[in-house]
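First to last, the protein sequences are chains F, B and E. Per the working numbering, the first sequence starts with residue 1, numbered consecutively. Per the working numbering, the second sequence starts with residue 1, numbered consecutively. Per the working numbering, the third sequence starts with residue 1, numbered consecutively.
Treat the hints with care, since some could be wrong.
Mimicking DSSO-like on lysine-lysine, the simulated pairs with C-alpha atoms at most 27 angstroms apart in a straight line are [said to hold, decoys possible]: (1) E:369 to E:349; (2) B:81 to E:369; (3) B:81 to E:353; (4) E:251 to E:150; (5) F:71 to E:349; (6) F:71 to E:251.
Derived by calculation from the structure, the hints in this document are not laboratory data.
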Amino acid sequence: MNIQTSKEKEMPAISAGRRHALRLLLGSMAASLAAAFYPVLRYLVPPAESNSAVNAALAGTIRDLKPNSAKTFHFGNRPALLVCLPSGEYRSMSAVCTHLGCTVQYRPDGEQIWCACHNGCYDTNGRNVSGPPPRPLERYEVHVRGEEIFVSRKQDA
Amino acid sequence: MRATETVRQWVDERFDIEELLALARHKTVPMHRFSIWYYLGGLTLFLFIVQVCTGLLLLLYYRPSAGEAFESVQYITSQVKYGWLIRSIHSWSANLMIFSAFAHMFSIVFLRAYRKPRELTWVSGMALLFLALGFGFSGYLLPWNTLAFFATKVGTSVPGQIPIVGHSIMLLMRGGEDVTGATLARFYGLHVAVLPLITFGMLGAHLLLVQKFGMSVPPSVENKYRGTPGRLREMRFFPNFLLRELVGWNLVLAVLLTLAVFLPWELGTKADPFASAPAGIRPEWYFLAQFQTLKMIPSKVMSMDGEVLGILAFGLAGGLCFALPFLETLLGRRGSLWVRVGAALGLAFLGSMTVYGHFAK
Amino acid sequence: MRNRCFRVLLTMIVGLAALAGRAEVTARPDSPPPTAEAGGYVDVHAQKGITCADCHGATPAGAALPAIPRERIPQLCGSCHSDVNRIKKANPSLRVDQWAQYKTSVHGIKFEHGDKKVAICTDCHSAHRILPASDPHSSIHPKNIAATCKRCHSDEEYMKPYGVKTDQFAGYVESVHSKAMVERGDLSAPTCTTCHGSHGAVPPGAASVAEVCGSCHVFQAKHFGEGPHKQVFADLGLPGCVTCHSNHRIKHPDDQFIGTTKPAACARCHKKTDPGGRAADAIHDRLLYLDHEIAGARAVLDRASRSGMEVGDSQIELSQAGDALMKARVSLHTVLPSRVEEDVQAGLKITSKAHAAGEAALHERTQRKRELLIPLLAIFAVTFSLCFYIVELERGGN
Chain F
1 MNIQTSKEKE MPAISAGRRH ALRLLLGSMA ASLAAAFYPV LRYLVPPAES
51 NSAVNAALAG TIRDLKPNSA KTFHFGNRPA LLVCLPSGEY RSMSAVCTHL
101 GCTVQYRPDG EQIWCACHNG CYDTNGRNVS GPPPRPLERY EVHVRGEEIF
151 VSRKQDA
Chain B
1 MRATETVRQW VDERFDIEEL LALARHKTVP MHRFSIWYYL GGLTLFLFIV
51 QVCTGLLLLL YYRPSAGEAF ESVQYITSQV KYGWLIRSIH SWSANLMIFS
101 AFAHMFSIVF LRAYRKPREL TWVSGMALLF LALGFGFSGY LLPWNTLAFF
151 ATKVGTSVPG QIPIVGHSIM LLMRGGEDVT GATLARFYGL HVAVLPLITF
201 GMLGAHLLLV QKFGMSVPPS VENKYRGTPG RLREMRFFPN FLLRELVGWN
251 LVLAVLLTLA VFLPWELGTK ADPFASAPAG IRPEWYFLAQ FQTLKMIPSK
301 VMSMDGEVLG ILAFGLAGGL CFALPFLETL LGRRGSLWVR VGAALGLAFL
351 GSMTVYGHFA K
Chain E
1 MRNRCFRVLL TMIVGLAALA GRAEVTARPD SPPPTAEAGG YVDVHAQKGI
51 TCADCHGATP AGAALPAIPR ERIPQLCGSC HSDVNRIKKA NPSLRVDQWA
101 QYKTSVHGIK FEHGDKKVAI CTDCHSAHRI LPASDPHSSI HPKNIAATCK
151 RCHSDEEYMK PYGVKTDQFA GYVESVHSKA MVERGDLSAP TCTTCHGSHG
201 AVPPGAASVA EVCGSCHVFQ AKHFGEGPHK QVFADLGLPG CVTCHSNHRI
251 KHPDDQFIGT TKPAACARCH KKTDPGGRAA DAIHDRLLYL DHEIAGARAV
301 LDRASRSGME VGDSQIELSQ AGDALMKARV SLHTVLPSRV EEDVQAGLKI
351 TSKAHAAGEA ALHERTQRKR ELLIPLLAIF AVTFSLCFYI VELERGGN
């Protein structure tokens with residue numbers, strides 16, 4: 001079936017070849033523009049780090065921590081502490097000292113959390129017990145799912 | 001090309017496409033010295049399509065709660081691959097679209113394309129302009145940053161001044177007495193569901209009306225070709241005018257990409273409802289003229305509250321804009337002149353107030 | 001007959017003297033007419049069921065209570081408060097060594113020698129409004145202690161005979177310690193009694209000042225002990241911490257506090273050219289340098305972050321550099337540039353890493369601008385070919 005469009009009927013024969021070439025050019029250029037969809041496709045693929053890293057984060061795995069030890073991890077954009085008590089219980093709190101913002105560390109020998117800057121001490125509940133810190137460390141909730149340990153901010157009602 | 005012929009035949013046997021195609025083939029665009037303004041409508045449409053596409057993509061990662069909105073936009077711009085590009089395009093395209101819509105509207109006024117029989121096309125177009133402003137206002141709050149928060153606070157307090165119904169309107173807008181997460185949820189619903197639904201309907205109506213009545217020709221051109229109707233050149237829409245439109249759309253796309261890369265949209269700082277408003281809070285440029293005007297009205301004008309007077313004046317002006325085609329008929333013989341003078345004054349006022357508002361302390 | 005008159009006269013004189021003694025209740029009257037409940041706060045003795053007669057002695061109903069002479073008060077209070085068995089019944093955790101401590105204090109020693117102006121129990125605790133220290137209305141609540149001591153110690157007239165300065169309260173009120181208590185509500189911040197003791201109050205001697213400050217400022221005291229200043233100060237009889245930081249008007253030191261240009265503390269003894277001055281300037285410069293580097297790294301990371309690059313991890317690591325600077329400001333108490341340099345180096349390692357990460361992120365951003373060329377080229381190619389196509393299309397006279 002030869003359906004001729006009105007365009008083709010009016011076109012003089014000499015530019016038919018030219019039009020073919022042009023169509024080809026246009027087609028290939030359009031294809032390259034379609035390749036501009038590449039960013040869109042990359043966008044659709046979810047990134048490795050989950051969106052909820054602000055309010056919850058994967059702090060580590062069970063194998064990471066032995067009893068009476070701790071590790072520092074990133075939570076939001078501040079450091080946080082995940083402690084494994086000698087009893088095996090996990091606790092998590094902010095690692096930002098409430099005195100002047102230094103990063104605190106866990107001391108296995110005293111079972112307390114200590115700030116090396118000015119000798120501030122907190123207990124394993126995050127409460128400030130001695131030294132300059134005026135306030136306790138912010139506590140987080142710990143959820144253990146299989147092998148993985150998740151930490152999230154305390155949810156208020 | 002045989003493949004396209006086969007497909008076309010298959011469709012035509014079932015849906016009778018040929019009639020529609022014939023209609024499309026007959027659509028023409030008049031060519032005269034003002035024809036360049038015909039491109040603005042399609043440009044606005046193109047920018048709207050860009051908004052819908054980038055908006056859908058942003059929807060995949062955005063979270064509409066006061067606690068997570070800012071972080072989710074931060075996530076999009078820093079973690080998601082090309083998220084920064086999609087977001088900046090969305091923000092820039094919004095501004096370009098509103099500018100294009102205003103330009104389209106003013107070109108219609110000055111080329112007098114609102115005359116009979118196109119009154120309803122004008123009304124639907126005006127509605128689309130207000131919808132676009134609504135999109136801009138609701139979308140602006142969504143990143144939940146300081147600027148947006150306080151701009152929304154100011155922006156929703158203005159309708160609150162309307163006598164009798166003002167407070168109820170403000171409550172409806174804010175979802176409460178203050179701007180909170182409830183406001184965000186409401187604006188989000190508006191921005192992604194309510195306004196798009198209404199806009200699609202209104203846009204459909206607008207485009208149908210344009211197809212029905214064809215392209216309007218300004219009176220001066222009409223007069224020129226009055227005696228010789230055949231002399232006015234008509235260009236075919238498919239493919240000639242459309243190809244030209246595509247050129248324009250491509251160039252604008254290039255502009256958008258360049259803007260997104262060289263002038264990326266800032267994220268700012270997360271909104272803190274308990275902090276005091278930073279100095280120099282201003283709405284976006286498309287509300288700046290009204291904002292500046294309201295600031296400049298004295299607090300008492302002839303025993304009436306100045307701000308209320310200003311708001312009512314704007315309401316009146318808006319109403320007049322909608323009723324423009326009918327106004328011209330009402331104003332009689334010199335009606336068109338009044339309309340054009342009024343529009344020119346309005347444009348000058350809006351333009352100068354916007355500039356002034358930008359530079360004022 | 002004469003003997004009897006003499007005895008009557010003697011009794012009258014003694015009676016008059018007793019009356020005079022009775023009128024002198026306290027040297028510094030502090031309370032309105034005695035009442036168990038004053039100002040709505042119940043006195044702790046009244047709460048425990050101790051009556052007026054328990055201190056003043058039994059009097060017939062309606063008769064005025066005899067005032068207790070000032071010189072008998074410490075003994076009177078001590079008669080209960082040093083008795084372990086008595087106090088145990090009322091409050092098992094209350095100490096019972098207050099009187100014993102008081103007797104070792106400056107107040108106590110002077111009191112033994114007959115000085116009636118010095119503070120006794122009721123001057124600080126009040127006589128009839130005694131509240132536990134945990135009660136915010138108590139005169140001995142941490143927030144109120146300085147105001148209690150100030151009643152005498154800021155009174156120039158009163159303190160003149162002792163040749164003691166009266167600027168302590170004025171100085172303390174401007175100090176970081178006072179601000180921590182008053183503005184931040186930190187009740188563990190030091191007040192007068194924290195350093196001087198309460199019942200056994202003595203001003204710490206030059207040799208022991210560092211011990212007092214060091215009981216909280218552990219690291220600073222440790223570092224001071226490791227440095228040359230310790231011996232030098234001891235030889236010169238200068239008190240450890242107070243020489244630089246003052247004892248009462250302790251302000252928050254900034255990096256300008258060390259060096260040889262005013263308002264640096266070092267400038268008081270050292271000149272630019274002597275070894276100590278050179279060390280001070282060296283430390284000053286290194287601290288400023290690290291601070292500057294941290295600010296620079298932070299600025300780069302902020303710029304990168306605002307441009308949409310992900311630099312959160314680097315920003316967290318940069319905060320460790322702040323920790324290092326903090327530690328350097330503590331280790332400078334050794335006044336040894338080499339020791340301070342250890343901390344500074346630790347900080348600089350972090351800042352250079354953070355800076356590099358920021359620059360890399362910005363570089364990637366510039367890459368984006370170059371990457372933009374590809375789609376732009378594609379768009380222009382399409383546009384160009386469109387135009388060409390339109391021209392060709394209409395060449396046939398469409």
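How the hints compare with the structure:
1. Using a Cα cut-off of 27 angstroms, the hinted pair residue 369 of chain E and residue 349 of chain E is violated, with the two alpha carbons roughly 31 angstroms apart.
2. Between residue 81 of chain B and residue 369 of chain E the CA atoms are separated by roughly 15 angstroms; this keeps the pair inside 27 angstroms, and the hint holds.
3. Only pairs whose Cα atoms come within 27 angstroms are accepted, and residue 81 of chain B paired with residue 353 of chain E is accepted, the gap being roughly 25 angstroms.
4. A hinted pair counts as satisfied when its Cα atoms are at most 27 angstroms apart, and residue 251 of chain E with residue 150 of chain E qualifies at roughly 20 angstroms.
5. At roughly 22 angstroms between alpha-carbon atoms, residue 71 of chain F and residue 349 of chain E fall within 27 angstroms of each other, so this suggested pair holds.
6. A hinted pair counts as satisfied when its Cα atoms are at most 27 angstroms apart, and residue 71 of chain F with residue 251 of chain E does not qualify at roughly 37 angstroms.
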